[in-house]
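Peer 1: Two chains, two frames, a set of hints: combine them into the complex.
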Amino acid sequence: MIRIRSGAASALDNPQLQKNMSAVIRTALHSRDNSVAEVANWETLRQYAHDVKEHTLARLDSYLEQLEERVVEQGGKVVWVENGEEALSFITRLAHEKNMTKVVKSKTMLGEEIHLNKGLEAAHIEPVETDLGEYIIQLAKETPFHIIAPALHKSRQEVSDLFTEKVNMPPTDDVQQITATARRILRAHFLTARLGITGVNFGVAETGTLVVVENEGNARLSASVPEVHIALMGIEKVIPRAADLSVFLKLLTRSATGQKITSYVNFINGPRRPEELDGPAEFYLVLIDNGRSKILADSFLRQTLACIRCGACLNVCPVYQRIGGHAYGSTYPGPIGAILTPQLLSEEEAPEHPYASSLCGACYETCPVKIEIPHILLKLRERVQRKKNDKASHIPLEKWSMQIWGWGMSSSRRFAWFARLMRAAQGWFLKEKGSRIELPVLNGWTRHRDLPTIPKKSFREVFKPEEKGN
Amino acid sequence: MPEFPSYEDAASKFRDELEATGGIFFDARSSDELPEILSQILERTGTTEFYWESEEVFQKSAIPYRLRDPEAFSRQHLVFSYHFKGKVEFPLVLNFKPYDRATLAAVPVSVSRAPYGIAETGTIVHSVTPGTGRLLSVLPEAHVVLLSEKDLLMNSVEFLDRTQLGELGSALTLVTGPSRTADIEKTLVLGVHGPRQWYVVLTS
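Here the protein sequences line up with chains A and B, keeping their order. Numbering-wise (the working numbering), the first sequence opens with residue 120 and increments by one. Numbering-wise (the working numbering), the second sequence opens with residue 757 and increments by one.
This is chain B alone, in the form it adopts within the complex (with noise of 0.2 Å):
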């Protein structure tokens, strides 16, 4: 097997190619920044609601939530929190939607965590599994992903190496950036079928 790259700071490395494809990096390893991050991400994408892909995403990055009706929630949901003002606030609260094709075409920025991210490309790893689907990443205008620090690979050959491919769901995204076209003149445009606006935010 040839060899794949290294790096000394693999998290600068992941930001400037994440950058190079148009993609936005916010850095919230030192703790308390990820409210005001996530009110900033809101602005930029003009809109007040997260749609959020599941409970992994509160859990496994620590945001502390409650639902506004612990009753009928299932994980059928589609799970939302709305802002006043555009303000991200600490613990969120939850409100759910049906999870169907029409209320997905409506959402404006999704929210998801990844398993892993990939250094050498600036890529994010997408991956359905129990409880999400594959619709929510990439049909709205914007998408968020959430990226620990420990979870970051050097290269796709690590990346390969720690996944049984089919183990994970019933698809797997590897996802670099906004989605992009040059059809036209080799002319560069973003956003064409999916995500226009791409932000990763990286967390301890």
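Just chain A, same shape as in the assembly (with noise of 0.2 Å):
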């Protein structure tokens, strides 16, 4: 089971992390929010892209086939696999049948999903991460903190400071010569890797086109030097029309970074062709489930998969801003994660995550394809909730309580008389100075938030010998 409780604590409790998220995730709103304003038409094409994207997800089947038909005339293989396992065994077996023992990756959350590198590991294929980032993190054996800055909570010091005792690089605060550093040996693995690995950000059906966006240039390396280049892709990134993609790259682009388009936009449609120079010489599409078709099930859930990860939905969460990454436990952190995960997964393996929100509803607000989050969540708890309720162990206290509140709360006596009941109880908890309350039971609230102490006479009270008075 995955907690967020401890791991959210503990990050409330580091202030170097604090700070070193704030500073940037400022900065990754300011920007968002300025690009986004220049788009005159910003909601006609979220609405277009949700659009788009429901019709995708109610057919999901058709466009897939019609995706692998396409990219099988060009001259790639798709594999079809249920889960990581499936994906990791193709992998391996691929590179072991090939004497394969190096992978150059570029970033991909669904391999972060199906734990590739761990995977790629223990059959004896090293894994060479090739985005900046995701670099970072591979040397401190970390995990992405963010969907699309993996190393965002790590500060220049700290990432000269590991680069000074993983790969020998004189210690320096200049950014530039850290990325000269990585670039240099990066370069050196481009060259000798014979297998490159990537993620698709769309796949389209209509032209069997595997869509990756980037700014680095790693992945535009990974799907063109190697000899064999595998995209590993979710079965909900597939999308019916290559004319579409204006607006989703608008969205996405816009949303993740506030940039007009990213450095690279590469379109792989299959390998090397017969009078190109270079390339790789096979292409393989490995479509994932990994619990996918299990959400599409539900109509409303759906949604969830409409999912283009720009990441906006993290920077802009008020819970996000203060545990982070990590505390979610899981591949994807913030809003996003908070459904997704326990979908992925199920409830009772993620039972803290629809709960890890506000519901102040800003996700909603900032997503580029108008996903509900807060109502998901609202449903997610009530899955969670029931769940709880069907145990024969379960002790209903908080139905209880709400029903004994709704009790004292529907007649204006028994109010009066409950109120009186709590100025008499309340002295028990009063601290030594007696202006806030501590309660024995709901501590949770109360650590962090004062309870004023109710007054010595209620309203009514007051009120009621200045009316005999007048």
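Hints listed in this document are in silico derivations from the structure and should not be mistaken for laboratory results. C-beta: ideal position from N, C-alpha, C; glycine also. Take these hints with a grain of salt, some might be off.
[Said to hold, decoys possible] Covered, in the sense of this in silico footprint (three residues per stretch, anywhere, with C-beta under 8 Å from a C-beta of chain B), are these stretches of chain A:
id	stretch
1	268-277
2	298-304
3	319-328
4	333-344
[Said to hold, decoys possible] Computed cross-link-like contacts, BS3-like style, restricted to lysine-lysine with a CA-CA straight-line distance of at most 25 Å:
id	chain 1	residue 1	chain 2	residue 2
5	A	K285	B	K942
6	B	K769	A	K379
7	B	K942	A	K138
8	A	K260	B	K942
Peer 2: This is the structure in structure tokens:
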């Protein structure tokens, strides 16, 4: 079972982390907001993308088959796998057959989801992360802190120390120099690796094109230099038409980094063709389910799969802003992680995720494809609660207290009586100086917030004698 | 389909957007300036050789050239021109080397011709075609793109309308400015894995 509480508490108690996060997230929010404000028809674009995704998710099977057909026509191979283990066994078997001992990888959240690096290492294949942020995370033996900025939580000093320790770089606070070091090391890996793995942002059913969006050029290299390219794609990433890419790209890059477009948007149409001078001889598209078709079954919750992984909901979330990415204990953090994790796994495995939200709705406002995250959170809370209620050992404390509360509040006499009782009882809880109440049971609430004392007289009691006096 | 913007002066919109991403723009629309512009680019990169992606670059951009050894030439070669003291003169004299990984990895500056440019975002379309590869435009520290004004489109919708994605080749990339990252403290650094210097020369 994945717990959030303990991770959240330790993030809150880590002043360095809080400092690193707050400045960077502020910059990210600012870039996104400015960029979105430039687009007059942003709302129209959002709705359009939402509708396209909704249409597609309702007919996913036929679009996936169309995609497969087109990829095969272009000389690619398509592999359907049900879960991470199947994906891993396909990849490691292929690598072993061809005596490949190293993989250059560009950033893929799906790769994280199926624990690709661990699986490769276990099969004695060296995974090399080539996205700068992912490379940092790999050196530090951590997991990504953010969907699009994996090393967001590390200061330049921390990164420099890490490079000094792991790759013998002279200490520096010059980010250029750190980047140049990574370029030099990773270039050597690119030129020697025979297998490249990338993720996929969009798979276009109509043309069999796999779209990979990036800024550094590492995805372009991963898909071009090695003799075999494997693209990992979640089945929800298919879109019907190439024409719609304009809308999705605009929404994605502006939401993710505030860029009008990223440095590179790669369109991959299978392996190298006869007259081309380079490129992989073999191309494999691995279509991964890993719990997604289970989510499709519910016509409301299905929209969770419309996510284009821009990470905007993370930045805007008051919970993520405080507890950061690692506290979520799973691949996808933030609001999208809060709804995706319990659905990909199960409510029992991630029971706290739907509660890691204040339901303020900022995630919905910012989501470029209008996923109703707050409503989905409520629906998932309901599921978690239902499962709890079904257990024989369950004592319905919350239900009883709500019934008593309801009974008390539905009559003014009972309300007044309750208030008198509380006033008498608060003396037991008052702290020495007597200005706030500490509750013994609900101290998760009162530890961080002041619950003011109840005044000696109620409004009615104060009001009555004055009325008589007039 | 939601509306995408158009511009009265697409060339200047393209220039603004390209420069905003750290790309460098040259206007060679008024003919004879191309050798001078190419010389300037060589000076900026501190090199004396250009590696040309294909013969199409010369033909479609009307650059006069001759092969030093026409007999030995094939399309499988890596074509380059050497410029004494960094001065580019037409006609170009072309030499060639084998197209292999080690040679490619040592190329300092490459030149390609774009089938399209996109004004809205300052974007260049790079496409692999028969006789070209994926690596020559992405491995070097600097890359130069020649773009004809008539191939400048308003937005990506226009581009996708005109192109059947798979028909151009196995790989097509929309390139906007130099390679970049902001993975450390959101601080911008150019030239992570792809070219650090990104030049676009607009021709007539």
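Peer 1: Identify every previously stated hint that the structure contradicts and give their numbers, smallest first.
Peer 2: none
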